[in-house]
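Chains as they are written, first to last, in the working numbering: chain A, 1 to 394; chain B, 1001 to 1394; chain C, 2001 to 2142.
Keep in mind that the hints were calculated from the coordinates and are not lab data.
Quick reminder that beta carbons are idealized off the backbone N, C-alpha and C, glycines included.
Errors might be hidden in some of the hints.
[Stated by the list, open to error] For lysine-lysine, the following DSSO-like pairs were computed, each having C-alpha atoms within a straight-line distance of at most 27 Å:
| no. | chain 1 | residue 1 | chain 2 | residue 2 |
| --- | --- | --- | --- | --- |
| 1 | B | Lys1093 | A | Lys114 |
| 2 | B | Lys1057 | B | Lys1272 |
| 3 | A | Lys89 | B | Lys1171 |
| 4 | B | Lys1089 | A | Lys89 |
| 5 | B | Lys1172 | A | Lys92 |
| 6 | A | Lys389 | C | Lys2043 |
| 7 | A | Lys93 | B | Lys1093 |
| 8 | B | Lys1092 | A | Lys89 |
| 9 | A | Lys235 | B | Lys1235 |
| 10 | B | Lys1272 | B | Lys1054 |
| 11 | A | Lys92 | B | Lys1114 |
| 12 | B | Lys1171 | B | Lys1062 |
| 13 | A | Lys114 | B | Lys1090 |
| 14 | A | Lys114 | B | Lys1114 |
| 15 | A | Lys93 | B | Lys1090 |
| 16 | A | Lys235 | A | Lys54 |
| 17 | B | Lys1171 | A | Lys90 |
| 18 | A | Lys90 | B | Lys1389 |
| 19 | B | Lys1172 | B | Lys1093 |
| 20 | B | Lys1090 | A | Lys235 |
| 21 | A | Lys93 | B | Lys1262 |
| 22 | A | Lys93 | B | Lys1092 |
| 23 | A | Lys114 | B | Lys1235 |
| 24 | B | Lys1089 | A | Lys90 |
| 25 | A | Lys93 | B | Lys1235 |
| 26 | A | Lys90 | A | Lys114 |
| 27 | A | Lys114 | B | Lys1092 |
| 28 | A | Lys235 | B | Lys1093 |
| 29 | A | Lys114 | B | Lys1062 |
| 30 | B | Lys1090 | A | Lys89 |
| 31 | A | Lys92 | B | Lys1093 |
| 32 | A | Lys93 | B | Lys1089 |
[Said to hold, decoys possible] For each label pair, taking beta carbons as the anchor points, the in silico distance ranges come out as:
| no. | chain 1 | residue 1 | chain 2 | residue 2 | range |
| --- | --- | --- | --- | --- | --- |
| 33 | A | Arg289 | C | Asp2071 | 44 to 52 Å |
| 34 | A | Gln373 | C | Ala2098 | 26 to 34 Å |
| 35 | A | Gly219 | B | Ser1133 | 48 to 56 Å |
| 36 | C | Ala2098 | A | Gly116 | 32 to 40 Å |
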Amino acid sequence: MDRFVYLDNSATTKVSERVFEAMVPYLTEHYGNPSSIYGIGREAHAAIDEAREKVAKAINAKSREIYFTGCGTESDNWAIKGAARHLAKKGKKHIITSVFEHHAVLHTCQSLEKEGFEVTYLTVDSEGYVSPSDVENAIREDTALVTIMYANNEIGTIQPIAEIGKICRDKKVLFHTDAVQAIGNVRIDVQAENIDMLSLSGHKIHAPKGVGALYVRQGVVIDNFMDGGAQENNKRGGTENLASIVGLGAAMEEAHNGLEEKAAKLTILRDKLIDNLLKIPHTRLNGGRENRLCTNVNISFEGIEGEGLLLLLDLNGIAGSSGSACTSGSLDPSHVLLAIGLEHGIAHGSLRLSLGRYNTEEDVDYALQVIPQVVERLRAMSPVWQEMKEQGLV
Amino acid sequence: MDRFVYLDNSATTKVSERVFEAMVPYLTEHYGNPSSIYGIGREAHAAIDEAREKVAKAINAKSREIYFTGCGTESDNWAIKGAARHLAKKGKKHIITSVFEHHAVLHTCQSLEKEGFEVTYLTVDSEGYVSPSDVENAIREDTALVTIMYANNEIGTIQPIAEIGKICRDKKVLFHTDAVQAIGNVRIDVQAENIDMLSLSGHKIHAPKGVGALYVRQGVVIDNFMDGGAQENNKRGGTENLASIVGLGAAMEEAHNGLEEKAAKLTILRDKLIDNLLKIPHTRLNGGRENRLCTNVNISFEGIEGEGLLLLLDLNGIAGSSGSACTSGSLDPSHVLLAIGLEHGIAHGSLRLSLGRYNTEEDVDYALQVIPQVVERLRAMSPVWQEMKEQGLV
Amino acid sequence: MMYSAKVMEHFASPHNVGEMPDANGVGEVGNQKCGDIMKMYIKVENNVIVDVKFLTFGCGAAIATSSMATDLIKGQPLSEALKLTNKAVVEALDGLPAVKLHCSVLAEQAIKAAIADYYRRQGIDPTPIVGEIEDCEACHCH
Ligand SMILES: Cc1ncc(COP(=O)(O)O)c(C=O)c1O
Ligand SMILES: Cc1ncc(COP(=O)(O)O)c(C=O)c1O
Ligand code: FES
Ligand code: FES
Chain A
1 MDRFVYLDNS ATTKVSERVF EAMVPYLTEH YGNPSSIYGI GREAHAAIDE AREKVAKAIN
61 AKSREIYFTG CGTESDNWAI KGAARHLAKK GKKHIITSVF EHHAVLHTCQ SLEKEGFEVT
121 YLTVDSEGYV SPSDVENAIR EDTALVTIMY ANNEIGTIQP IAEIGKICRD KKVLFHTDAV
181 QAIGNVRIDV QAENIDMLSL SGHKIHAPKG VGALYVRQGV VIDNFMDGGA QENNKRGGTE
241 NLASIVGLGA AMEEAHNGLE EKAAKLTILR DKLIDNLLKI PHTRLNGGRE NRLCTNVNIS
301 FEGIEGEGLL LLLDLNGIAG SSGSACTSGS LDPSHVLLAI GLEHGIAHGS LRLSLGRYNT
361 EEDVDYALQV IPQVVERLRA MSPVWQEMKE QGLV
Chain B
1001 MDRFVYLDNS ATTKVSERVF EAMVPYLTEH YGNPSSIYGI GREAHAAIDE AREKVAKAIN
1061 AKSREIYFTG CGTESDNWAI KGAARHLAKK GKKHIITSVF EHHAVLHTCQ SLEKEGFEVT
1121 YLTVDSEGYV SPSDVENAIR EDTALVTIMY ANNEIGTIQP IAEIGKICRD KKVLFHTDAV
1181 QAIGNVRIDV QAENIDMLSL SGHKIHAPKG VGALYVRQGV VIDNFMDGGA QENNKRGGTE
1241 NLASIVGLGA AMEEAHNGLE EKAAKLTILR DKLIDNLLKI PHTRLNGGRE NRLCTNVNIS
1301 FEGIEGEGLL LLLDLNGIAG SSGSACTSGS LDPSHVLLAI GLEHGIAHGS LRLSLGRYNT
1361 EEDVDYALQV IPQVVERLRA MSPVWQEMKE QGLV
Chain C
2001 MMYSAKVMEH FASPHNVGEM PDANGVGEVG NQKCGDIMKM YIKVENNVIV DVKFLTFGCG
2061 AAIATSSMAT DLIKGQPLSE ALKLTNKAVV EALDGLPAVK LHCSVLAEQA IKAAIADYYR
2121 RQGIDPTPIV GEIEDCEACH CH
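Chain A with its partners taken away, still in its complex shape (with noise of 0.2 Å):
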């Protein structure tokens, strides 16, 4: 088996030729500390500044609002307790978010609750989304910030961002959202969607992995999260991660540069594969159609386990990822699914691909040929799918 197809590009990306050409001088000869004050320490810190006024213009920011981080990860933890706990000085204890965010945000709302924080989580509707109403009510005096995803990185569905964020203006309450699955995809204008602050992380958009993001609008004030030296500002410690900052800014400036044309070829690739896949018989689409990124596709096959699916893909040549918890080691299955209100037997057979920047048209076609194919064969040897027969259900 030779041929790779890659249908995985929300669990992380390749990194650009001119990502990895960007980076190539800082893993060697320009290795300065961009502390530093001689010759090889400033060109590092140019470089830095640089990166940032990529990343800054990619979301219209300024420059200085944009600090750079050890990947997404780090930026919702900083974000979200940095917010928490220095509005908590002011007796505001209560943050809102929704049942369905990345574990980056859900565990550390509940890490924060250990801490005395009160958190509200907003269930979504059936299709993958979060109510504006539904963050407007949950508003109170003493809540000090509201966190929802851009994007949903299991099903893709892309949140009302801009009414949100409008309400938390309107209410005086900060705002963040975590724009992992969003950066790339979608154009997104943190002004004019009044976003308070933004998480980002590099391996989702052909930079390297270990490298994030957080932009912070000028005049919030959060806690430090990484104590140190003055490095960002004096806002987060520890040397800065040179060539992949370097490599995040060419990445920012790179996703930018043409992203309608990306997203408008990439949803033709994505239409495709679902009105494809959903000829298959017993099987749903996870997510509403109609705000959902360019490079999602969630399906669910009755009777059948993802990571099984997983497996005979990847012996096919094909890398895609599943809600399944068998995956993960653990008993429950994706947290996402059950929030739009699956079973979780239909929940542990979900597919989702995910298109990027390289996929082709061919590779759709050959995922096309082998999914049903795998999907068969899976479902012969389905207790579950023999009992459906039996019951006169397929």
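Given the coordinates of chain A, work out where chains B and C with the ligands should sit on it, guided by the hints.
Leaving out everything else, chains B and C with the ligands in the frame of chain A:
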């Protein structure tokens, strides 16, 4: 000016060729997410496991005791905040550290003070050593943690870690050491030295900036710092910094093979620098000579100011620092030099030269040719020096 | 998480898959909530398992353990088949990741359940012979 002599290896180091080559595949073709179950995901996972083995082996730890982080600063934050917050639940809210720790430790302790912890900052003697009996005397019923750096980043003094480790173990108090500067220069054995937690950082040992590790002895429980996914055995969320972790593994292996030979070679270079720089009149060595990193030279020149010195050295192609990289460019003189009793004036006129694997005797000879001239030039234009002259002191 | 070559072999080409219309013992364990359901069919003649088939809804490890377990009991007397432990199945597969050990527990239980069903059909109380078969609620595989 073509010559370039890098004598700031305590600020950061050049990525070694072997490390770079080990990283490249993970920045190009092997881009899988280590949590994914298909081929390139499993490969990535295996690469991280291998790096973990290498890091563990270098300090005589077990592989499962090593957690990868985003930098040395994160390791320090996690160890100290994680232990403090965990033990606070058992009523232990006292921390012992020293006045001359790195800011990653000091600022972390200060932020814990705001959370209600009490911190004892031990003074150090004029040679730059913490006294084990001071540690012993400071331990109380409610002491959660002792954190003392392995070797000081500015003056290179190696602390009596094994003795402090023994005291802490006997008193059943957790012991953390920031070994960011010691790693690769001193052979460390976490078991023999009774170290419970140890921080290290890649970019001081020829791995890239923006990756670190924390050793946590098996059985020691601390709170998580970075909440998120199930990575790092559920203890540190965030997609792993794949390429840099692989680089860190390779760098640890490289640093620990032949450590003694490298140290012997560097000690000779270091002593040549120290002996010859001390021939310049009104000059002092900061930090004791006995237990001193083989890489560290820290000299104060009366009557001059460090930044001018650095800039002139830079013009001559020599990279050095005047205190830690993080503090250069700030107005306050180094807290480390003040801690060993230097006056503000002389603290300002200090120069740190730090050797690394790639330095040669020619580098040292060149530095010894340039520095005396530069010092003389600055003294000639210094009113302080002129006054000393008028008073017949020089 | 990584599967051994043996696990992948049994997963990719499982042995003894399918239904068995003329089985004289059928056992089913697990539930969809646990993410794993195994159905085991046996044909017993003269106290020997002459044929065995399985259906499994579950992960790669579940499918591989089903396949291996059926191989191990095929042609064996019932008394031997009852001695099969999940540990033996795991060993035969060159090990399983720790998080997957529960899937092998299920294979052992599915066999017991099928044998119990066989005895029941013969009018014999299986409990003294087979013992209790734990269901998922009681499972301590996690
Ligand atoms: C002693 C010491 N601790 C911690 C750090 C912080 O490490 P990093 O820059 O990787 O965050 C440094 C270096 O900057 C250091 O010298
Ligand atoms: C929505 C979302 N938030 C946060 C993260 C975490 O980012 P990182 O892996 O860089 O920590 C991810 C991806 O893993 C994600 O999809
Ligand atoms: S069936 Fe879910 S882990 Fe094996
Ligand atoms: S086998 Fe179902 S929970 Fe263990």
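Here is what the structure says about each hint:
1. Restraint check for lysine 1093 (chain B) and lysine 114 (chain A): the C-alpha separation of about 17 Å stays at or below 27 Å, so the hint holds.
2. Proposed proximity of lysine 1057 (chain B) and lysine 1272 (chain B) is contradicted: the alpha carbons are some 33 Å apart, above 27 Å.
3. Taking the CA atoms of lysine 89 (chain A) and lysine 1171 (chain B), the gap is about 36 Å. The hint is violated against a cut of 27 Å.
4. Distance check on the hinted pair: lysine 1089 (chain B) and lysine 89 (chain A) sit about 21 Å apart at the alpha-carbon level, within 27 Å; holds.
5. Of the supplied pair hints, the one linking lysine 1172 (chain B) and lysine 92 (chain A) is violated, its CA atoms being roughly 38 Å apart against a limit of 27 Å.
6. For the hint linking lysine 389 (chain A) to lysine 2043 (chain C), the alpha-carbon distance of about 23 Å falls within 27 Å, and the restraint holds.
7. With a C-alpha separation of about 23 Å, the suggested pair lysine 93 (chain A) and lysine 1093 (chain B) falls inside the 27 Å cut-off, and the hint holds.
8. For the given pair, lysine 1092 (chain B) sits about 23 Å from lysine 89 (chain A) by alpha-carbon distance, which is consistent with the 27 Å threshold.
9. Restraint check: the Cα-Cα separation between lysine 235 (chain A) and lysine 1235 (chain B) comes to about 24 Å, which is no more than 27 Å; the hinted pair holds.
10. Of the pairs offered as hints, the one joining lysine 1272 (chain B) and lysine 1054 (chain B) is violated, with about 33 Å between alpha carbons and a cut-off of 27 Å exceeded.
11. Distance hint between lysine 92 (chain A) and lysine 1114 (chain B) is fulfilled; the C-alpha atoms sit about 18 Å from each other, no more than 27 Å.
12. Taking the CA atoms of lysine 1171 (chain B) and lysine 1062 (chain B), the gap is about 24 Å. The hint holds against a cut of 27 Å.
13. Between the alpha carbons of lysine 114 (chain A) and lysine 1090 (chain B) the distance comes to roughly 15 Å, so the proposed pair stays at or under 27 Å and holds.
14. With a CA separation close to 18 Å, the supplied pair lysine 114 (chain A) and lysine 1114 (chain B) stays within the 27 Å bound.
15. A hinted pair counts as satisfied when its Cα atoms are at most 27 Å apart, and lysine 93 (chain A) with lysine 1090 (chain B) qualifies at roughly 24 Å.
16. In summary, the hint linking lysine 235 (chain A) to lysine 54 (chain A) is supported, as the alpha carbons are separated by about 20 Å, within the 27 Å threshold.
17. Of the supplied pair hints, the one linking lysine 1171 (chain B) and lysine 90 (chain A) is violated, its CA atoms being roughly 40 Å apart against a limit of 27 Å.
18. Taking the CA atoms of lysine 90 (chain A) and lysine 1389 (chain B), the gap is about 58 Å. The hint is violated against a cut of 27 Å.
19. Among the hinted pairs, lysine 1172 (chain B) with lysine 1093 (chain B) is consistent with the structure: their alpha-carbon atoms are about 15 Å apart, no more than 27 Å.
20. Note on lysine 1090 (chain B) and lysine 235 (chain A): the hinted pairing is violated, with a Cα-Cα distance of about 31 Å set against a maximum of 27 Å.
21. Using a Cα cut-off of 27 Å, the hinted pair lysine 93 (chain A) and lysine 1262 (chain B) is violated, with the two alpha carbons roughly 54 Å apart.
22. Using a Cα cut-off of 27 Å, the hinted pair lysine 93 (chain A) and lysine 1092 (chain B) holds, with the two alpha carbons roughly 25 Å apart.
23. Between the alpha carbons of lysine 114 (chain A) and lysine 1235 (chain B) the distance comes to roughly 17 Å, so the proposed pair stays at or under 27 Å and holds.
24. With a C-alpha separation of about 24 Å, the suggested pairing of lysine 1089 (chain B) with lysine 90 (chain A) holds against the 27 Å cut-off.
25. Distance hint between lysine 93 (chain A) and lysine 1235 (chain B) is fulfilled; the C-alpha atoms sit about 25 Å from each other, no more than 27 Å.
26. Taking the CA atoms of lysine 90 (chain A) and lysine 114 (chain A), the gap is near 19 Å; set against the 27 Å cutoff, the hint holds.
27. For the hint pairing lysine 114 (chain A) with lysine 1092 (chain B), the CA-to-CA distance comes to about 18 Å; that is within 27 Å, so the pair holds.
28. Proposed proximity of lysine 235 (chain A) and lysine 1093 (chain B) is supported: the alpha carbons are some 25 Å apart, at most 27 Å.
29. Distance restraint check for lysine 114 (chain A) and lysine 1062 (chain B): the Cα-Cα separation of roughly 31 Å exceeds the 27 Å cut-off, and the hinted pair is therefore not satisfied.
30. For the hint pairing lysine 1090 (chain B) with lysine 89 (chain A), the CA-to-CA distance comes to about 24 Å; that is within 27 Å, so the pair holds.
31. Note on lysine 92 (chain A) and lysine 1093 (chain B): the hinted pairing holds, with a Cα-Cα distance of about 25 Å set against a maximum of 27 Å.
32. Only pairs whose Cα atoms come within 27 Å are accepted, and lysine 93 (chain A) paired with lysine 1089 (chain B) is accepted, the gap being roughly 20 Å.
33. The beta-carbon spacing between arginine 289 (chain A) and aspartate 2071 (chain C), approximately 45 Å, falls within the hinted interval of 44 to 52 Å.
34. In this structure the supplied range 26 to 34 Å holds for glutamine 373 (chain A) paired with alanine 2098 (chain C), their Cβ-Cβ distance being about 32 Å.
35. Taking 48 to 56 Å as the suggested C-beta distance range, the pair glycine 219 (chain A) and serine 1133 (chain B) conforms, at roughly 50 Å.
36. At roughly 35 Å, the beta carbons of alanine 2098 (chain C) and glycine 116 (chain A) sit within the given window of 32 to 40 Å.
When held up to the earlier numbered hints, the structure conflicts with 2, 3, 5, 10, 17, 18, 20, 21, 29 and fits the remainder.
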